[in-house]
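This is what each chain is made of:
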Amino acid sequence: MDILVCVKRVPDTAENEIEIKGDGTDIERDDLVYSVNEWDNYATEEAIQIRDDKGGTVTVVTVGDEEAEEVLRRQMAMGADNGILLSDDAFEDTDGRGIASILKAEVEKGKYDLILTGAQADDGAAQVGGMLAAMLDLPYAALVNKIEVIDDKKIKVGREIEGGNQELNEIELPCVLSIQTGINEPRYVGIRGIRKVASVEIPTHGTGDLGLDAGSVGASAAKVKRVDYFTPEMGAGAEMLEGSMDEMVEKLIDMLKAKGGLK
Amino acid sequence: MTQLFAYIAHRNGVVEDTAAELAVAARTIDASAEITAVVVGTGSDLDGACQGAAKLYKEVWKFDVPDLAYPNAEMIRTLLVNVLPADAMVLMAHDTFGMDLGPGLSIKLDSAYVADVVGIDGMDGATMKLVRQEFAGMAHTHMTCDTSAGAVISLRPGTFQPGEDADAGGAVTDKSGEAGDVGVKRRFLEVVEAEAGDVDITKADVLVSVGRGIEDQDNIEIAEELAEAMGAVVSCSRPIVDAKWLEKSRQVGTSGKTVKPKVYLALGISGSFQHLGGIKGSPFMVAVNKNPKAPIFQVADVGIEADILEFMPELTEKLKG
Ligand SMILES: Cc1cc2nc3c(=O)[nH]c(=O)nc-3n(C[C@H](O)[C@H](O)[C@H](O)COP(=O)(O)OP(=O)(O)OC[C@H]3O[C@@H](n4cnc5c(N)ncnc54)[C@H](O)[C@@H]3O)c2cc1C
Ligand SMILES: Nc1ncnc2c1ncn2[C@@H]1O[C@H](COP(=O)(O)O)[C@@H](O)[C@H]1O
Chain B
405 MDILVCVKRV
415 PDTAENEIEI
425 KGDGTDIERD
435 DLVYSVNEWD
445 NYATEEAIQI
455 RDDKGGTVTV
465 VTVGDEEAEE
475 VLRRQMAMGA
485 DNGILLSDDA
495 FEDTDGRGIA
505 SILKAEVEKG
515 KYDLILTGAQ
525 ADDGAAQVGG
535 MLAAMLDLPY
545 AALVNKIEVI
555 DDKKIKVGRE
565 IEGGNQELNE
575 IELPCVLSIQ
585 TGINEPRYVG
595 IRGIRKVASV
605 EIPTHGTGDL
615 GLDAGSVGAS
625 AAKVKRVDYF
635 TPEMGAGAEM
645 LEGSMDEMVE
655 KLIDMLKAKG
665 GLK
Chain D
2 MTQLFAYIAH
12 RNGVVEDTAA
22 ELAVAARTID
32 ASAEITAVVV
42 GTGSDLDGAC
52 QGAAKLYKEV
62 WKFDVPDLAY
72 PNAEMIRTLL
82 VNVLPADAMV
92 LMAHDTFGMD
102 LGPGLSIKLD
112 SAYVADVVGI
122 DGMDGATMKL
132 VRQEFAGMAH
142 THMTCDTSAG
152 AVISLRPGTF
162 QPGEDADAGG
172 AVTDKSGEAG
182 DVGVKRRFLE
192 VVEAEAGDVD
202 ITKADVLVSV
212 GRGIEDQDNI
222 EIAEELAEAM
232 GAVVSCSRPI
242 VDAKWLEKSR
252 QVGTSGKTVK
262 PKVYLALGIS
272 GSFQHLGGIK
282 GSPFMVAVNK
292 NPKAPIFQVA
302 DVGIEADILE
312 FMPELTEKLK
322 G
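In order, the protein sequence lines correspond to chains B and D. Counting along the first sequence from 1, when you hit position 69 you're at 473 in this note's numbering, and nothing is skipped either side. Counting along the second sequence from 1, when you hit position 50 you're at 51 in this note's numbering, and nothing is skipped either side.
Calculated from the structure, these hints are not laboratory results. Note that this is a predicted model, so its numbers are computed, not measured. One thing to keep in mind: the hints can contain errors.
[To be verified] Stretches of chain D that chain B covers, calculated by requiring three or more beta carbons in the stretch to come under 8 Å of a beta carbon on chain B: (1) 21-28; (2) 103-109; (3) 216-224; (4) 245-258; (5) 311-321.
[Claimed, not checked] These stretches of chain D come out as covered by chain B in the derived footprint (C-beta under 8 Å, 3 or more residues): (6) 113-123; (7) 178-190; (8) 229-239.
[Stated by the list, open to error] Only pairs whose alpha carbons sit at most 20 Å apart, straight line, appear in this in silico SDA-like list of lysine to any residue: (9) D/Lys59 x D/Lys109; (10) D/Lys291 x B/Ala623; (11) B/Lys425 x B/Pro636; (12) B/Lys560 x B/Lys663; (13) B/Lys560 x D/Val192; (14) D/Lys281 x D/Ala230; (15) D/Lys204 x D/Lys294; (16) B/Lys629 x D/Lys261; (17) D/Lys130 x B/Leu572; (18) D/Lys261 x D/Asp201; (19) D/Lys109 x B/Ala625; (20) B/Lys508 x B/Ala623; (21) D/Lys109 x D/Ala87; (22) B/Lys629 x B/Asp613; (23) B/Lys550 x B/Asn569; (24) D/Lys294 x B/Asp434; (25) B/Lys508 x B/Lys550; (26) D/Lys294 x B/Lys558; (27) D/Lys130 x D/Lys109; (28) D/Lys249 x D/Ala230; (29) D/Lys294 x B/Asp632; (30) B/Lys655 x D/Lys263; (31) B/Lys560 x D/Lys281; (32) B/Lys558 x D/Gly184; (33) B/Lys663 x D/Ala230; (34) B/Lys508 x D/Lys294; (35) B/Lys508 x B/Pro607; (36) D/Lys130 x B/Asn569; (37) B/Lys663 x D/Thr317; (38) D/Lys204 x B/Leu666; (39) B/Lys558 x B/Ala625.
Where is the CB? At the ideal position from N, CA and C, for every residue including glycine.
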């Protein structure tokens with residue numbers, strides 16, 4: 405089975421305190437730690453496991469700037485066979501729909517049985533996978549937490565639904581699936597693994613290679629635009645305890661007693 | 002102004018809470034708009050859901066499709082493309098069903114898509130002004146959406162709270178004949194229910210809940226010792242379950258358990274809406290987090306800016322004291 409996995413380089417929210425710039429135009433990006441989107445790691449792991457079991461190839465693709473290449477190498481160090489970087493100045497400020505249309509152009513250059521995305525990325529829109537599927541006229545399932553290959557024509561997939569229940573579907577290949585965390589345990593990539601793929605050639609495709617009209621992507625084509633980042637006026641918020649750890653814990657114990665939180 | 006539609010999710014003949022929330026959101030887009038509720042399903046469950054929808058919306062379109070006893074999003078997308086005007090504005094909930102349906106629907110309707118909206122600031126001509134969050138809730142954004150060719154907007158569950166509205170006394174129109182062919186390449190098989198675990202966190206009065214801030218599997222023990230000292234039960238956020246450090250039955254949230262404790266200790270949990278969505282009954286919430294900007298501090302009653310690996314042993318110690 406030939407599998408394409410779409411991955412995105414994002415600021416790691418577990419590692420960073422996100423600060424908004426004074427003028428609200430962006431977040432402070434200077435000291436941000438970037439990594440591969442958490443969900444995409446599960447997607448890559450799943451693709452590698454299917455390939456190891458059934459044969460075929462795993463290709464990872466990303467739309468981004470030059471620095472995005474590092475996430476492709478990381479996923480290749482995990483075991484993906486090929487990487488493709490989709491990069492062009494014209495791609496800047498493309499909305500989710502535009503990203504899907506760029507990915508669609510790349511998908512059509514190859515032949516894939518299965519296309520995986522993460523369920524969502526840093527802005528939590530959870531949209532690119534479903535859009536890509538619809539653009540390609542392929543069947544889709546979101547929030548997939550189980551894949552069982554039946555034969556080369558169809559697979560059985562589990563979708564996560566509310567309450568931790570799972571919806572099972574049979575879906576025809578080729579198809580697009582968005583992968584939910586917890587479907588597997590993504591393998592660890594050490595620095596040695598990354599070094600091994602450091603010199604592997606990664607092709608870069610831009611608008612010309614993809615046969616895309618520069619006007620169909622980028623900021624001008626976006627129907628949905630971000631105006632600014634801001635910090636909302638919230639309600640009172642939590643009463644923050646002050647003092648030494650010792651004092652804070654003492655105060656908290658009094659509060660917990662009052663609220664019936666201690667037996 | 003294009004016509005407004007609300008896609009109504011329902012289960013066992015009862016509309017989801019989000020049905021009322023969509024009506025609230027629709028009125029913030031256009032206070033005078035006639036909003037049409039779209040309800041898809043079959044049999045008596047569908048009838049029940051339509052009755053529920055008619056209490057909230059003046060106009061209800063009913064689609065009875067026997068193949069849609071279970072809401073297969075791919076089939077429902079095809080149905081909606083068959084029946085909606087191309088420039089429709091469609092509202093739905095940003096839940097596991099909405100995520101399955103919304104993005105593809107926007108492509109097939111050739112309209113704009115904005116997901117997981119937490120605020121609507123109204124219209125400026127055909128431009129809708131919206132509020133979203135990014136980076137796990139750590140940043141808010143104002144957005145604009147060009148709705149001139151229609152739009153699909155998904156709303157974060159729980160954010161558009163309905164008041165005590167009068168019964169809309171809506172009329173249900175059976176439109177089943179217009180549904181068209183909804184055959185697709187994805188066939189629903191069955192729903193597998195979540196497994197019951199060793200403890201029932203939904204029954205606990207006091208929960209010591211740990212998130213990714215626990216950092217290491219070995220530290221779970223520290224939380225267990227604290228819970229024991231408090232007479233509490235250990236629960237957790239999703240990454241702890243994904244990492245297999247605790248059982249799925251301990252997970253609080255929309256894809257885990259809904260809990261109603263008296264006291265909730267959120268330790269090293271950032272406060273995502275999917276996590277908070279599993280906490281009901283407004284417990285006394287204490288958040289401990291080393292990041293003073295963590296969104297959890299906006300919803301907790303009491304906050305402590307600290308490393309939980311220092312805080313937990315200290316509290317345990319003092320309680321045993
Ligand atoms: C469809 C769907 C369903 C989901 N369902 C659920 C669900 O049911 N339940 C759920 O919980 N999530 C769910 N999620 C995931 C959710 O979006 C968040 O990713 C998750 O809740 C984050 O968990 P967290 O707060 O533990 O981790 P993070 O967001 O990574 O936060 C960790 C926090 O710990 C703090 N921290 C780190 N180290 C320390 C330390 N030593 N001391 C103190 N603080 C520290 C950090 O500052 C941070 O605020 C779902 C997601 C999707 C897409
Ligand atoms: N720039 C990108 N390049 C490649 N894949 C992407 C990109 N943006 C989003 N995706 C894919 O789409 C998924 C969902 O992202 P989103 O719709 O932005 O929340 C991600 O997990 C990726 O798999």
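**Asked** Which of the stated hints cannot be reconciled with the structure, identified by number in ascending sequence?
**Response** Checked against the structure, the hints that fail are numbers 1, 3, 9, 10, 12, 14, 15, 16, 17, 22, 25, 26, 27, 28, 31, 34, 36, 39, while the rest are satisfied.
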